[in-house]
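Residue numbers (the working numbering), protein chains in the order written: chain Z, 1 to 265; chain A, 1 to 291.
Errors might be hidden in some of the hints.
[What the hints assert, rightly or not] Residues of chain Z placed beyond 12 Å of chain A at every Cβ, according to the derived structure:
(1) GLY124
(2) PRO129
(3) VAL178
(4) ASP199
(5) GLU251
[Claimed, not checked] Below, a list of computed lysine to aspartate or glutamate pairs in the DMTMM-like style, where the Cα atoms sit at most 20 Å apart:
(6) A:LYS136 with Z:GLU35
(7) A:LYS65 with A:ASP46
(8) A:LYS67 with A:GLU90
(9) Z:LYS68 with Z:GLU78
(10) A:LYS65 with A:ASP271
(11) Z:LYS68 with A:GLU90
(12) Z:LYS102 with Z:GLU35
(13) Z:LYS68 with A:ASP46
(14) Z:LYS102 with Z:GLU78
Because the hints were derived from the structure by calculation, they are not lab data. What you are looking at is a predicted structure, and each value in this text was computed from that prediction instead of being measured. Where a beta carbon is used, it is the ideal one built from N, C-alpha and C, also for glycine.
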Amino acid sequence: MSVQEDVRPEVDAATVTRAEVCIAACADAWRGDGEILASPMLTVPTIAARTARATFEPDLLLSDGESKLIAGTWAIGETPPADAVEGYVPFRRIFDLLWSGKRHVMMSPSQIDRFGNANISALGDFARPTRQLLGVRGAPGNTVNHPTSYWVPRHSTRVFVERVDMVAGVGYDRARAVGGDVERDLDIRRVVTNLAVLDFGGPDHCARLVSVHPGVTVDEVVATTGFALDIPVEVPVSRLPTGEELRVIREVVDPRGLREKEVRA
Amino acid sequence: MTDKRMTEDEVVAELRPGMTIGIGGWGSRRKPMSLVRAILRSDLRDLTIVSYGGPDVGLLLAAGKVKHLVYGFVSLDSIPLEPHFRAARESGAVTVSEWDEGMLQWGLYAAASRLSFLPLRSGLGSDVPAVNPDLKLVTSPYADGTEYLAVPALNLDAALVHLNRADAAGNAQYLGPDGYFDDLFCGAAERAYVSCERIVPTTELTAAGPVQSLLVRRSDVRGVVEAPNGAHFTTCEPDYGRDEAFQREYAQAAADPEAWAAFTARFLSGDEAAYQAAVAQFATQSLEAVR
């Protein structure tokens, strides 16, 4: 047996941008998911899902955001090749699929609390909001039916709040109160922000700091989070993308550099 | 087969104030906009609107036609939030039932199946039940004893949908990427009205697309309206895509009362023919501006 040579291109850490670190952290949300539909919203998660499939998670399903499942890897903002269609998922079948549990969505909350309750609906009093947002959309159903992760392009005390104004995405304390299937299936995998990665592995499933991105301090994360985070004694630094991931991100999925518009370090 | 051809104004003449009306399509996609514009010209008011909302909802709100709104979202797709919807919510001008997107499908399906409710997991644990106190829970009568949300049937007085093709009897066909929930809206309604790009002989329907594209059955349809460009400015693929330039104009105007008055005067003060003529003139102007 011969020792295989590692042919991955080496990574020059100095050239890796914050957005690329965020993409690797988002991609890791789908690690180990196998043959399920990965549903990213926004730019960074979309690049991340395609990169994950092109590298370490080849069995993921991806849609064109309209009604087709697409095989292969294509650039963000581009129409996928017509011969890459592998399935039909109009909105009605997206509901079927999400109710079956075989999906993992990455949404972007306007507010999220320490147990993962997330608001995309409205700010202020619901009856007459100070600011109407998107509405609950699919968040209530997504969160209680299949794994959910969140992407926050700008980590701040406005987003990470003690109490969200309207629970659209269900958090762990709410799920425990409901019990049954909801408590069993609630699975908020991670929250990736422009500064750090969080999960809900703290006491009673409260938010825990998993890693800080290179160049970010724990204090910075604490100062921009509006609730008490569970912080381990040793907080690791978020990993850099591998050479192969960087090649896919830069040359295949996002050659125009849209990722840099969504993330300001 | 009964010939069910009608005009937009004849459809609206069959509607009454206070009715619950479902509107097909999704966001700013394949909306029965010429029928919505006919409602704007009418004296209908106090409507309850059920929709995966887009500019259909926005225009009806702006014209003060809506008393209550049932929705999973109201979006222009390429512009995430409908501006008139935002304004109506923030001024408290309308009462709402904000539901999870899947709940809306389930409510329509219950109504179309003549059930009073359907059980669903979605919504449990969220604030959807808290802000919709009329929603109730139901416990499985089987050994599992699971508690579900009992999504009430969305019984509609009328449904309005826009498809690509139909015959004069109301067999209607979509040729684009998604049928959305148009068949369920029709099934959930006492009276369903289909507008379409072109009314064709029945024999031409299966020539245009596979049999699966025949989404709506004539037995669910009361009236058929031929409305070329009737979904404007929403998508109606493959006949046409969204008129993004016009949608931008709409959204910008909606943000300012004076601009909205001017928009209304220019595009929405006449009949459908006047609207289409004003849209054609807008397109020509945009082209000239590019040159």
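Status of each hint after checking the structure:
1. GLY124: violated, 9 Å
2. PRO129: The claim breaks: PRO129 of chain Z does not keep its Cβ more than 12 Å from every Cβ of chain A (closest is about 6 Å).
3. VAL178: Since the minimum Cβ distance to chain A is about 5 Å, VAL178 of chain Z lies within 12 Å and the statement is violated.
4. ASP199: holds, 19 Å
5. GLU251: About 28 Å separates GLU251 of chain Z from the closest Cβ of chain A, which puts it past 12 Å; holds.
6. A:LYS136 with Z:GLU35: violated, 35 Å
7. A:LYS65 with A:ASP46: holds, 6 Å
8. A:LYS67 with A:GLU90: holds, 15 Å
9. Z:LYS68 with Z:GLU78: holds, 14 Å
10. A:LYS65 with A:ASP271: With a Cα-Cα distance of about 18 Å, the restraint between LYS65 of chain A and ASP271 of chain A holds, given a limit of 20 Å.
11. Z:LYS68 with A:GLU90: Given that 20 Å is the threshold and the Cα spacing comes to 36 Å, the pair is violated.
12. Z:LYS102 with Z:GLU35: With Cα atoms ~8 Å apart, LYS102 of chain Z and GLU35 of chain Z stay inside 20 Å; holds.
13. Z:LYS68 with A:ASP46: violated, 39 Å
14. Z:LYS102 with Z:GLU78: The hint is violated at about 26 Å.
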